[in-house]
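Engineer: Here are the chains, one letter per residue:
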Amino acid sequence: MLSSSAAATPAKCRAPARVLPGFKITLGYTLMYLCLIVLIPLSALVFKTFTLTWDQFWAAVTGPRVMASYRLTFGASLIAALVNMVFGLLVAWVLVRYQFFGKKVVDALVDLPFALPTAVAGISLTALLAGNGWVGQYLEPMGIQLAFNPNGIVIALIFIGLPFVVRTVQPVLEDAEKELEEAATCLGASRWQTFTRVIFPSIAPALLTGFAMAFARGMGEYGSVIFIAGNMPMISEITPLIIIGKLEQYDYAGATAVATVMLVISFILLLVINGLQTWQRRHSGAPV
Amino acid sequence: MSSPIIRRAEAGTTEAAWVRYTLIGITLVFLFLFLVLPLAAVFAEAMRKGFDAYWEALKEPDAWSAICLTLITALIAVPLNLVFGVAAAWCIAKYEFKGKSVLTTLVDLPFSVSPVVAGLVYVLMFGAQGWFGPWLQEHDVKVIFAVPGIVLATVFVTFPFIARELIPLMQAQGNEEEQAAIVLGATGWQTFWYVTLPNIKWGLIYGVILCNARAMGEFGAVSVVSGHIRGQTNTMPLHVEILYNEYQSVAAFAVASLLALLALVTLVIKSVAEWRHEREMKAIGNLPPENIKAAPLDLSLKAAS
Numbered sequence: 001m002l003s004s005s006a007a008a009t010p011a012k013c014r015a016p017a018r019v020l021p022g023f024k025i026t027l028g029y030t031l032m033y034l035c036l037i038v039l040i041p042l043s044a045l046v047f048k049t050f051t052l053t054w055d056q057f058w059a060a061v062t063g064p065r066v067m068a069s070y071r072l073t074f075g076a077s078l079i080a081a082l083v084n085m086v087f088g089l090l091v092a093w094v095l096v097r098y099q100f101f102g103k104k105v106v107d108a109l110v111d112l113p114f115a116l117p118t119a120v121a122g123i124s125l126t127a128l129l130a131g132n133g134w135v136g137q138y139l140e141p142m143g144i145q146l147a148f149n150p151n152g153i154v155i156a157l158i159f160i161g162l163p164f165v166v167r168t169v170q171p172v173l174e175d176a177e178k179e180l181e182e183a184a185t186c187l188g189a190s191r192w193q194t195f196t197r198v199i200f201p202s203i204a205p206a207l208l209t210g211f212a213m214a215f216a217r218g219m220g221e222y223g224s225v226i227f228i229a230g231n232m233p234m235i236s237e238i239t240p241l242i243i244i245g246k247l248e249q250y251d252y253a254g255a256t257a258v259a260t261v262m263l264v265i266s267f268i269l270l271l272v273i274n275g276l277q278t279w280q281r282r283h284s285g286a287p288v
Numbered sequence: 001m002s003s004p005i006i007r008r009a010e011a012g013t014t015e016a017a018w019v020r021y022t023l024i025g026i027t028l029v030f031l032f033l034f035l036v037l038p039l040a041a042v043f044a045e046a047m048r049k050g051f052d053a054y055w056e057a058l059k060e061p062d063a064w065s066a067i068c069l070t071l072i073t074a075l076i077a078v079p080l081n082l083v084f085g086v087a088a089a090w091c092i093a094k095y096e097f098k099g100k101s102v103l104t105t106l107v108d109l110p111f112s113v114s115p116v117v118a119g120l121v122y123v124l125m126f127g128a129q130g131w132f133g134p135w136l137q138e139h140d141v142k143v144i145f146a147v148p149g150i151v152l153a154t155v156f157v158t159f160p161f162i163a164r165e166l167i168p169l170m171q172a173q174g175n176e177e178e179q180a181a182i183v184l185g186a187t188g189w190q191t192f193w194y195v196t197l198p199n200i201k202w203g204l205i206y207g208v209i210l211c212n213a214r215a216m217g218e219f220g221a222v223s224v225v226s227g228h229i230r231g232q233t234n235t236m237p238l239h240v241e242i243l244y245n246e247y248q249s250v251a252a253f254a255v256a257s258l259l260a261l262l263a264l265v266t267l268v269i270k271s272v273a274e275w276r277h278e279r280e281m282k283a284i285g286n287l288p289p290e291n292i293k294a295a296p297l298d299l300s301l302k303a304a305s
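Heads up: the sequence lines are chains H and F, in that order. Throughout the first sequence, residue numbering follows the numbering used here, covering 1 to 288 in sequence. Throughout the second sequence, residue numbering follows the numbering used here, covering 1 to 305 in sequence.
Hints are computed from structural coordinates only; laboratory data are not their basis. Computed from a predicted structure; not experimentally measured. There's no promise every hint is true.
[Unchecked claim] Covered stretches of chain F, as calculated for chain H (at least 3 residues, CB under 8 Å):
no.	region
1	54-63
2	67-77
3	94-100
4	132-144
[As the list claims (entries may be wrong)] Derived Cβ-Cβ restraints for the label pairs, each shown as a range:
no.	chain 1	residue 1	chain 2	residue 2	range
5	F	Y247	H	F50	15 to 25 Å
6	F	P79	H	Q137	40 to 50 Å
7	H	A253	F	V36	21 to 31 Å
8	F	K142	H	I268	34 to 44 Å
9	F	K100	H	A253	29 to 39 Å
No residue lacks a Cβ here, since even glycine has one placed at the ideal position from N, Cα and C.
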């Protein structure tokens, strides 16, 4: 023991870390497992794409049905993430700032979309919103159709994305310094001014992170959407369903091409979320 | 709270009563519509034709084999990702090295890949036209449209859950306790077992149950690789889909209700783990200052990301 700590002394900056054993084996195992499960399979997708000619690739990813599915997936995810940003902030605010009966249950329930399998959420939302469902039977006579069209997709994505916003904003609100708000009040700010000028700027990075996460999840979501969407080509067909459709027709090249486009989008979103999280940590003063 | 001075001071940091009640009201109505109603609908639809029909649907051999396959898949996938999660958290949280942030980002990657794409990459690897397809066919091994493919796809989608939970937790706790143990003569394994593990146990439980919920409920990725062979390669979510598309609504919701129960149990265990962790943190907070060492943390944030 003594010799190992003595030997570690010269390299001062590295010394404390290297006292602990197991670095090589855990890093080695992590890298091996990561390669086997994630990196090699994903590279198979990229290599398969390179076997296509540019024209084949371009034709596969810009067909009219595929383009319509991009617009739908992007638009529905964007609307759902915006709705979640508003209501997620509201839920987080109420859970952190106010006391009411059953708060702990409500707090636990917010994670339901993480725990409930997406297929179950899909059929249950469909049953609710279909013409004979608990909610649908009141909306149908008013001419509001929420199931089997793009509206249903937005509803399903709101369900799926809600906890992302709540759970990113909640801890930041909990850590917010009340002193700042007291100071604002003492200086004569109204409660609304305090919220927009003091509180909101401090939670904005977290809110944007939650928005980006909900959006990213919505872009890739499949299970909850396909039951409620109606899946009509050009109207309510999402991009993941296009991939499934091409696979079922043994069009592996086409499926691969569209999947590559989706993979690139998820890479970009992952980098955006990482950047936002770094910004958020710097904002709150914690070490990056 | 009772003193009027304190109450007046608080008025500067909270809203008028009517604003508070309106906001609470809107929140509760929103959560009722979007969370409680869908959950209640699952059980109501399952019981629509009475308990006997519900029970019949669950006793069906195809439903039963779907339940078994789901349990087997989770029993393989969760331990694999548990070992990986602990190993990854140990090397990322306890050491500094080049490329650490790249590694952390790559660990997160499966979260942002669409489940359908995740299923597709395994078809491209092991399918009939895939990289290893011909070799597998020669040796009569089935991966795609068989159980190994389902397990692989599940491992991919649940890959980051436990690691994501443990990395920030172990980073916040630092290395001092482990270093003390090593200096006092403990082996690496003893240090992990007696020092690190008790510190991370609630985070670990939290990660494992969320990983398990996702493993049992995964739909998109599994649906691509499974082939939907009834009684053989159907997991519970896939079985729900088949029944639903055959207009056997009661049977579909009966199987779905089991998954919803699983979700409820997951939420209960998760909340208990959170409350126990908070209580332990508070107990540490009540100690004299020289004994404080553990940093506070928030479990839910990591689950979200």
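Engineer: Could you run down the list of hints and mark each one as holding or not?
Structural biologist: Outcome of the hint check:
1. Coverage of the region 54-63 of chain F by chain H is violated in this model, with 0 residues showing a Cβ closer than 8 Å to a Cβ of that chain against a need of three.
2. Coverage of the region 67-77 of chain F by chain H is violated [criterion: at least 3 residues with CB-CB distance below 8 Å; count 0].
3. Using a Cβ-Cβ cut-off of 8 Å, 4 residues of the region 94-100 of chain F lie near chain H, which meets the minimum of three, so the contact claim holds.
4. Residues of the region 132-144 of chain F with a Cβ under 8 Å from some Cβ of chain H number 0, which does not satisfy the need for three, so the listed coverage is violated.
5. Under the hint 15 to 25 Å, the C-beta atoms of Y247 (chain F) and F50 (chain H), about 44 Å apart, miss the expected range.
6. Between P79 (chain F) and Q137 (chain H) the beta carbons are some 46 Å apart, a value that agrees with the proposed interval 40 to 50 Å.
7. Taking the beta carbon of each, A253 (chain H) and V36 (chain F) are about 45 Å apart, not inside 21 to 31 Å as hinted.
8. For K142 (chain F) and I268 (chain H), the Cβ-Cβ distance of about 36 Å falls inside the hinted range of 34 to 44 Å, so the restraint holds.
9. For K100 (chain F) and A253 (chain H), the Cβ-Cβ distance of about 37 Å falls inside the hinted range of 29 to 39 Å, so the restraint holds.
Violation of the numbered hints given earlier is confined to hints 1, 2, 4, 5, 7; the remaining hints are satisfied by the structure.
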